[in-house]
Amino acid sequence: MSEVILQASHINKSFHDPVTIPVLNDVSMSVNKGEFVSVVGRSGCGKSTLLYVLSTMDTDYEGQLWIDQQLVTNQKEKQLARIRNEKIGFVFQFHYLLNEFSVLRNVMLPGLKLNRYSEQETEHRAMERLKMLHIDELALKNANQLSGGQKQRVAIARALINDPAIIMGDEPTGNLDKKNGQLVFDIFRELSLQYQQTLLIVTHDPEFAGNTNRIIEMEDGRIIRQ
Amino acid sequence: MNYKLIFSISFSLMKARWRQTLVAAVGVTFSITMFIALLSFMTGLNGLLDGLILNRTPHVRIYNDIKPSKYQPVNLSGEYKQSHNFIKSVKSASGRQEIYNSAAILDMLRKDNRVTGVAPKIIAPVFFNAGTIDITGVINGIDVQSESTLFHFNDYIITGKPIDLKNVPNSIILGKGVAEKLLADPGDVVQVTTSQGDIMPLKVVGYFQSGLQDFDKVQCYTSINTAQKLLGKPNNYLTDIQVKLTDLNMAPAVAKEYGALFQADTEDIQTANSQFETGSFIRTLISYSVGITLLIVAGFGIYNILNMMIYEKMDAIAIMKATGFCGSDVNRIFIVIALSIGLFGGVAGLFLGFGVSVIIDQIPFRTAALPTITTFPVNYNPAYYFIGAIFSLVTTYFAGYFPARKASKVDPVVIIRGK
Ligand SMILES: Nc1ncnc2c1ncn2[C@@H]1O[C@H](COP(=O)(O)OP(=O)(O)OP(=O)(O)O)[C@@H](O)[C@H]1O
Ligand SMILES: [Mg+2]
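From first to last, the protein sequence lines stand for chains A and B. Sequential numbering of the first sequence, starting at 1, is according to the UniProt record's numbering. Sequential numbering of the second sequence, starting at 1, is according to the UniProt record's numbering.
This is chain A alone, in the form it adopts within the complex (with noise of 0.2 Å):
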């Protein structure tokens, strides 16, 4: 069996506002090195919450999780910050990037805050995942004035510039149209394949989850079938 990327054992999570809906309900579930794994479910299902929790960015659940091995549960605000900065790499269905940075400046940022390699490493490495993303040549632009396919794979950019173990994504194609859904899906794939890159995203597209290695379905904070 392959390394295990991201493991969840028993997670429950229920939210008080104000009385307690229970949201997840014993979800365990692992993702391997290399596989591209998709959630689906109805909505309203506890998808985008169980995302949040794997991804350190929630620490208010029952259970237990592991990042490339590393338990984080209970960890510090700090070092979570540290395991999401070297091992995670996001994309929202919203681009997120920051309007007062050149696009190349916008994928640097968490290379920088990571400071393994020089200012200019970062930069080379930037420009490095923004041609291979084929949109290079926008790296001098203002974030804002790029369209929502772009800036969506600035976006995965910035995911991938501290090579992360895992890439979440909430959506990443919500937001876009058929063209650019299906772009951005080509690339997640062709990071798969070539790259060995690790993929958990969440998705309502079926045609989306129907080309990934692995579906992983929801239902009522369940998981009903993986």
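In short, the hints are calculated from the structure, not lab data. Among the hints, erroneous ones may be present.
Pairs of lysine-lysine, DSBU-like flavour, derived with a Cα cap of 35 Å [stated by the list, open to error]:
1. A:131 to B:15
2. B:406 to A:76
3. B:244 to B:217
Residues on chain A that point at chain B, a partial pick, calculated with CB under 8 Å [unchecked claim]:
4. 44
5. 45
6. 48
7. 52
8. 57
9. 78
10. 81
11. 84
12. 90
13. 92
14. 96
15. 112
16. 113
17. 115
Predicted, not measured: the structure shown is a model, and the values here were computed from it. We treat Cβ as the ideally placed atom computed from N, Cα and C, and that holds for glycine.
Following the hints, put chain B with the ligands in place on chain A, whose structure we already have.
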């Protein structure tokens, strides 16, 4: 900790909102400018007004007061030691106002290293005879040199040369008010009658103006020798010894010590002028409160811009936290913004404050009371610049503290869900 990154993000955020940032910085600049200008001017004024009194008042004055003897004969008698003695109608003794053994005292004072200077003096009430009327006055026999160095005597001579008191025999410098009453010009001779009835002609060599009207209507100056001659006393006769100390605050203690040592009455400057400190204190207090009020207002400006920035930049904060920036990084980014506004605004304020002080210093200000002053007084004390710099940083830090804390606590999940 990667400060270079923090700074670069801070500056990018400021650049994106440079107009508001500038307004916030100008607020700080304005308040620091006012703070510096106000404090420099007010303390300059304080120095001037205090000088009006302090320059002319000895720290310790040694004299013999006219008063009833403490020891009545019956109390000294051994026979009645155990009794209660009732004495009625006690009168002041006609004892001498002269300081005993003045030469030895002067010698001793000059050797005391707490003392910066000693000026002997003779005070004698006199009448000036002008036609049919007699005008009361007081003649101060002084040592011109020590009186000038210790009490700026020569600053207050508006006509004539102070040294003429020494060089011209039987000369007198009249208070401006006295001179006006006597219609005496320099070179004229005035008749002076002592309380003993001796009459002596003295030659007017100048006018004296202190700025205190009542003072100038009475006080006149001669040399010590002339005063001794006028009173018919030997040349060791002195009624007052004025002492200046290295440290003004020692005056009460030193006065007490000298009183016991020389068996004379002493008076310290604090007792003689208990009110002058109150005025200085109030003026300083006003300057500080105005400066600090302005700074607090500027602080609210910074608070506002930061809050607005954070509100606008929620998405940016959320994604930074999602991609690995921790709460303290975000906190530092906004603290750096606040402190930069404080620093640049503050430094500009210090320079402008200095500029305004220089301008105030050029404004002509002439008053009869202060013959040596030609422009508004300004105190360029570096301490105020230091305090201003500290204040600007401290207020901006506190203005930034709460917004920055709010930013550091932003929960990325809440923001990302909200989209
Ligand atoms: N902050 C909250 N307080 C209370 N309930 C919440 C909160 N956030 C989410 N929920 C509830 O939790 C459930 C799961 O929400 P979640 O966003 O995970 O669904 P989802 O599967 O991602 O849906 P979608 O496909 O529409 O994005 C929903 O019923 C939602 O109403
Ligand atoms: Mg969702």
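Right, here's what the structure says about each hint:
With a C-alpha separation of about 29 Å, the suggested pair residue 131 (chain A) and residue 15 (chain B) falls inside the 35 Å cut-off, and the hint holds. The hinted pair formed by residue 406 (chain B) and residue 76 (chain A) meets the criterion: a straight-line CA distance of about 19 Å does not exceed 35 Å. The hinted pair formed by residue 244 (chain B) and residue 217 (chain B) meets the criterion: a straight-line CA distance of about 26 Å does not exceed 35 Å. Using the Cβ-Cβ criterion of 8 Å, the hint placing residue 44 (chain A) at the interface with chain B is not satisfied: the shortest such distance is roughly 12 Å.
Given hint, residue 45 (chain A) at the interface with chain B, is violated; its Cβ is 15 Å from that chain's nearest Cβ, farther than 8 Å. The interface hint given for residue 48 (chain A) is met, as the beta carbon of that residue sits about 7 Å from the closest beta carbon of chain B, less than 8 Å. For residue 52 (chain A), the suggested interface contact is upheld, since its CB lies about 5 Å from the closest CB of chain B, less than 8 Å. The closest approach between the C-beta of residue 57 (chain A) and any C-beta of chain B is roughly 5 Å, which is under the 8 Å cut-off, so the hint is satisfied.
Checking residue 78 (chain A) against chain B: minimum C-beta separation of about 5 Å stays under 8 Å; hint holds. Nearest Cβ of chain B to the Cβ of residue 81 (chain A): about 4 Å, under the 8 Å cut. The hint holds. Taking 8 Å as the C-beta contact cut-off toward chain B, the hint placing residue 84 (chain A) at the interface holds, the least distance being around 5 Å. Interface restraint check for residue 90 (chain A): the shortest CB-CB distance to chain B comes to about 5 Å, inside 8 Å, so the restraint holds.
This hint holds: residue 92 (chain A) has a C-beta 6 Å from the nearest C-beta of chain B, less than the 8 Å allowed. Given the 8 Å rule on beta carbons, the hint for residue 96 (chain A) holds: about 4 Å separates it from the nearest Cβ of chain B. Interface restraint check: residue 112 (chain A) against chain B, minimum CB-CB distance 5 Å, threshold 8 Å, status holds. Using the Cβ-Cβ criterion of 8 Å, the hint placing residue 113 (chain A) at the interface with chain B is satisfied: the shortest such distance is roughly 5 Å.
A least Cβ separation of about 5 Å between residue 115 (chain A) and chain B falls short of the 8 Å threshold, and the interface hint therefore holds.
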